[in-house]
Amino acid sequence: MTKPIISIRNLTKRFGPIAAVDDVSFDIAPNEFFALLGPSGCGKTTLLRMIAGLETPTEGEIVIDGQNMAFTPPNQRPVNMVFQSYAVFPHMTVRSNVEYGLRVVGTPREETRRRAEDALAMVKLSDLAERRPDQLSGGQRQRVALARALVKRPKVLLLDEPLSALDAKLREQMQIELTRLQRTVGITFIIVTHDQDEALSMANRIAVMNEGEVSQIASPADLYEHPSSRFVADFIGKVNLIEARVKSRKNGHLLLSAKSIGDVEVPFDKPADGAVTLAVRPEKLKLQPNEPARQDLIIVHGKVRDVAYYGDTSHVIVSGKDGIELSINVQNDSRAGGAGVKQGQEIWVSWLPRDTLVLTE
Amino acid sequence: MTAMQATFRQRLTSADQGPLDYGRRLWLKGLFAIVILLLYAPVVTLIAFSFNTDRRNVVWRGFTLDNYVKAWENSALIEAFTNSLVIAAIATVTSTIIGSMVALLLWRFRFPGKPAYEGFMALPIVIPEICMGVALLAFFARLGWWSSVAALPWPLNLSTIIIAHVAFCFPFVAIVVRARMVGFNRELEEASKDLGASEWQTFWSVIYPFMQPGVVAGALLAFTLSLDDFVITFFTSGPETVTFPVKVYSLVRRGVSPEINAISTALIVITVIATILAMKLQTPERQAGA
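As they're listed, the protein sequences go chains L and Y.
Residues in the first sequence are numbered consecutively from 1, following the numbering used here.
Residues in the second sequence are numbered consecutively from 1001, following the numbering used here.
Hint data in this document are derived by calculation from the structure and do not stem from the laboratory.
Mixed in with the good hints there might be a few duds.
[Unchecked claim] Distance windows between CB atoms, simulated:
| id | chain 1 | residue 1 | chain 2 | residue 2 | range |
| --- | --- | --- | --- | --- | --- |
| 1 | Y | I1047 | L | L170 | 57 to 63 Å |
| 2 | L | P78 | Y | F1203 | 50 to 56 Å |
| 3 | Y | L1277 | L | R183 | 52 to 58 Å |
| 4 | L | S137 | Y | I1097 | 37 to 43 Å |
| 5 | Y | F1203 | L | L170 | 33 to 39 Å |
On a predicted model such as this, the values are computed, not experimentally measured, just so you know.
All residues carry an ideal CB built from backbone N, CA and C; glycine is no exception.
Taking the hints into account, I'd like the entire structure generated from these sequences.
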């Protein structure tokens, strides 16, 4: 890894007895699109606010471009933030909003004007420069907030739940635009979100947070296919979790006894024993009306309990013996039948052992 | 459909009224007229009779502007009037600054004993004016200010009254400004600092513009309260200094003369103009954007 632009060292923030952020350490490389992902109350926003300087850490270091800035006031840090409410100044025009950050530090008039013009063009707001925020839509207001932060040419741009206030269509469009913008300006972006789709589709790297601690930091694909814990597997995407006990290990394989399935053998190259959790993603499961002939598959026999239709896919819930329930994603790839199964129908669910994850924590 | 519903529907359609067409209901119009009459008839009478030729001001005898001339030439009345305006102006500026600062303190900071402080701050609003007047009188007398203050040159000889007025005006400003600040999005302040502004720059370019309508409303309130205060002023003014309400009170005991009507009309005009100016000052920004 190249020299990190941001280095978080043993950072802790306590509010009374509660640690909102608990001894967190990680590095962010220049030019990364980094996401802090987690359920509400996991400390991700507090962490972002500490990087911005809006919250003072209880302990630890925040090294920004080689300098510890944990206790530097926000107006002296080379980072800028896009707020959740956008915080566009309501009594100023779009242009004044964008020029504000340059004016307060005494940038020459000519330069202020030019840079604001460029920033407005970048977010496609040049035509609306003389408008007031109350004459803009939510998406446009967000662009103002973006331009206002980017015009400062920060080393890092912080985004606090930037898309949560937009409707679904606009959100998707802004996701694409934000990634494009990040590539164009070449600035490190740190985004806070509780929406896993947002994090997966935009970020290069994601830190999943839970109860003030970082559970895992990985690329989106690694996070999805190789979650390190039950929490991460459950939080990122949908997953079927099955209790199991380790019976024996042999050259890269584990022999397990899984609840209501029986003995299964899955590849696993790390030490494991006692109780573990098996995890398998719904799209890795196959549905068949007859018993599959292949011997190398893990097979569960059951009845279709529910079918939920989502347009492009259908979610099928199958309940087997001993109360096991599996959810399966089926692509609706023909206009005719949807998932092609009926409620109450007998069915076989099968998957490859290598698609099974063994979670030890 | 029951019979009652039927008649109700019939009544609605026959009168051709929607459920929200209150303006077309006769009884409501009547009520409206009575309220307007009770509120404004006395004021209109006051203004009308300021142009009356009748000395005793009981019946209308004819139009004249003499009363205004007479009021203008009555130096005692004019002196009281000027005193009142000067007191109101100084008390308004001072109490607006103090009140706004108190409001900011209560909005922004958490400190031990805050609820108690908030209660104490609002005390001048709830304690009876007569008590406040007596208390201030006792206070100034104890300090021995009467003789020394009265000897000072104008307008310093008004300082006891000004202090008293500030004491009961600033809580009103504080309450109005505080109420305004409740709606402030703290992220605006954070955004300003994040963009490189200092506390001072943030206050004047982000917080104050939001606060301003509250400050202006509070100042107007303080100005009116100070201008027409009688009780507290009566207790805190020295024997030499007289304000307009106190002067009017002493004159009225000898009967209402048209001069008093004239100068009261002038006072009404001044307050109305001040209010219009204040409202104008608040809006130009919004109009410029439209």
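Checked hints:
1. Y/I1047 <-> L/L170: 57 to 63 Å: 58 Å Cβ-Cβ, so the 57 to 63 Å window holds.
2. L/P78 <-> Y/F1203: 50 to 56 Å: violated (24 Å)
3. Y/L1277 <-> L/R183: 52 to 58 Å: Given a distance of about 54 Å, which is inside 52 to 58 Å, the answer is holds.
4. L/S137 <-> Y/I1097: 37 to 43 Å: holds (40 Å)
5. Y/F1203 <-> L/L170: 33 to 39 Å: The hinted range 33 to 39 Å holds for Y/F1203 and L/L170, with Cβ atoms some 35 Å apart.
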